[in-house]
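**Student:** Counting from 30, one number per residue, gives the positions in the sequence shown under this note's numbering.
The hints are simulated quantities; they were obtained by calculation from the structure and are not laboratory data. Among the clues, some could well be false.
Claimed, not checked - Distance windows between CB atoms, simulated: (1) E133 with R82: 36 to 46 Å; (2) T125 with V81: 42 to 52 Å; (3) E80 with R148: 14 to 24 Å; (4) S124 with R82: 35 to 45 Å; (5) E80 with S124: 33 to 43 Å.
Small disclaimer: the values here were computed from a predicted structure and weren't measured. Where is the CB? At the ideal position from N, CA and C, for every residue including glycine.
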Amino acid sequence: MRPEARHFWDQGLQEVEDAVALFRMRRWAKGCFSCEQAAQMASKALFIEREVRSHPREHDLRRLGNLVHAPAALVPALDALNPLYMRNRYPDVTSTIPGLTYSETDCREAFDRSLEILRWVSGELGVDEPRSRLA
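Please put together the full structure from these sequences, using the hints given.
**Tutor:** Structure, rendered in structure tokens:
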């Protein structure tokens with residue numbers, strides 16, 4: 030794997046581990062954000078590996094999915110994670126504080142969706158799947 034792609038892939042794996050730690054601390058919003066970031070980093074790793082150029086300056090997971098030719102079966106996961114970027118970074122996107130918006134169920138669902146994407150990307154990259162699990 031190209032070094033830049035490896036860095037993005039490894040960062041994606043780190044984001045998954047962060048999501049696990051944040052889940053244990055009951056920090057649902059930040060856990061959801063880490064799940065979105067994991068999917069974003071993994072998608073960019075695949076783009077870099079395939080296209081042999083720098084990653085796109087893009088945060089929209091659906092667009093990133095299109096760039097890496099993600100299968101249609103992943104579209105629901107991409108769409109579920111996509112809003113977590115803006116909602117967690119900018120308090121003016123919703124009418125409440127992001128940290129008070131998410132629940133344990135939301136975090137579990139985000140984690141499961143991010144793992145769907147990372148499992149597919151790992152297969153495309155020819156690397157081991159993430160082993161992270163929530164409690």
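**Student:** State for each hint whether it applies.
**Tutor:** Evaluation of the provided hints:
1. E133 with R82: 36 to 46 Å: 40 Å, holds
2. T125 with V81: 42 to 52 Å: 43 Å, holds
3. E80 with R148: 14 to 24 Å: 21 Å, holds
4. S124 with R82: 35 to 45 Å: 40 Å, holds
5. E80 with S124: 33 to 43 Å: 39 Å, holds
The structure fails none of the hints (numbered hints given earlier).
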